[in-house]
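**Q** Chain V is fixed; fit chain U onto it per the hints.
Protein chains in written order, with our numbering: chain V, 3 to 115; chain U, 370 to 479.
The hints are simulated quantities; they were obtained by calculation from the structure and are not laboratory data.
Keep in mind it's a predicted model, so treat the numbers as computed, not measured.
Yeah, the Cβ is synthetic: ideal placement off N, Cα and C, and Gly gets one too.
It cannot be assumed that every hint is accurate.
Residues of chain V placed beyond 12 Å of chain U at every Cβ, according to the derived structure [stated by the list, open to error]: (1) Gln8; (2) Ser28; (3) Phe77; (4) Glu101; (5) Leu111.
Listed next, the stretches of chain U that the computed footprint assigns to chain V, with coverage defined by at least 3 CB atoms under 8 Å from CB atoms of chain V [said to hold, decoys possible]: (6) 408-419; (7) 447-454.
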Amino acid sequence: QKEVEQDPGPLSVPEGAIVSLNCTYSNSAFQYFMWYRQYSRKGPELLMYTYSSGNKEDGRFTAQVDKSSKYISLFIRDSQPSDSATYLCAMSKTQGGSEKLVFGKGMKLTVNP
Amino acid sequence: EPEVTQTPSHQVTQMGQEVILRCVPISNHLYFYWYRQILGQKVEFLVSFYNNEISEKSEIFDDQFSVERPDGSNFTLKIRSTKLEDSAMYFCASNYNEQFFGPGTRLTVL
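Excised from the complex, chain V in its bound form (with noise of 0.2 Å):
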């Protein structure tokens, strides 16, 4: 099993739309979990962060971890045509220091105006 599983997609949504992003994990070490927006062959972009389980929410987006089913999520509200990129999810054990992160392979999410 895959340390971390994303569905690449692609997806395609209607602008206005709520959008469901989801990855999963095996391994319980991870604490830390981040979602990257990516635009095309640009770097990574750190769009949220949340530690163990929870919800987090700034403006539109909203991050979820749910550890006892090794699941994180991320929903946009109201998505726009610039919220189109590939968004990847990332994982580590601790925050900060010299810990590598795990990514997912990367959603790539259109919206249409």
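**A** Positioned in the frame of chain V, the structure of chain U alone reads:
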């Protein structure tokens, strides 16, 4: 807003040649990383670096790879003898609490 910068944005080289990819991390960050992303695949960890030493390296980071912080601002990745399969995007990242990534260098090995 401070950001990680990388040069060059695109490097084309012949197989067997040495390349050096350069990065300027965010100035108050202490931990530095290199990741790579082969086209259509995951972002993969290569190496982390702290206090002028490698903290961790992946199985990809073999003897052909080396990292260096030659001065107070730059962080470099050297590939001694490039192979076709080294063609990828290479991302530098730096960390205080969260990792921030540079825009990447696209390496093409012919």
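**Q** Run the C-beta distances from V/Phe77 to all of chain U and say if the shortest one exceeds 12 Å.
**A** Correct as stated: the minimum Cβ-Cβ distance to chain U is 20 Å, above 12 Å.
**Q** Verify this for me: three or more residues of the segment 408-419 of chain U with a beta carbon less than 8 Å from a beta carbon of chain V.
**A** It holds: at least three residues are needed, and the segment 408-419 of chain U offers 8 whose Cβ sits within less than 8 Å of chain V.
**Q** Beyond 12 Å from chain U, beta-carbon-wise, is V/Glu101?
**A** Incorrect as stated: the minimum Cβ-Cβ distance to chain U is 8 Å, not above 12 Å.
**Q** Is the Cβ of V/Leu111 farther than 12 Å from every Cβ of chain U?
**A** holds, 16 Å
**Q** Checking the smallest CB distance to chain U, is V/Gln8 really beyond 12 Å?
**A** violated, 9 Å
**Q** Is it the case that V/Ser28 keeps its Cβ farther than 12 Å from each residue Cβ in chain U?
**A** Given that every Cβ of chain U is farther than 12 Å from that of V/Ser28, nearest at about 15 Å, it holds.
**Q** Using C-beta distances, would you say chain V covers the segment 447-454 of chain U, given that this needs three or more residues below 8 Å?
**A** violated (count 0)
The structure is inconsistent with the numbered hints 1, 4 and 7, although it conforms to all the rest.
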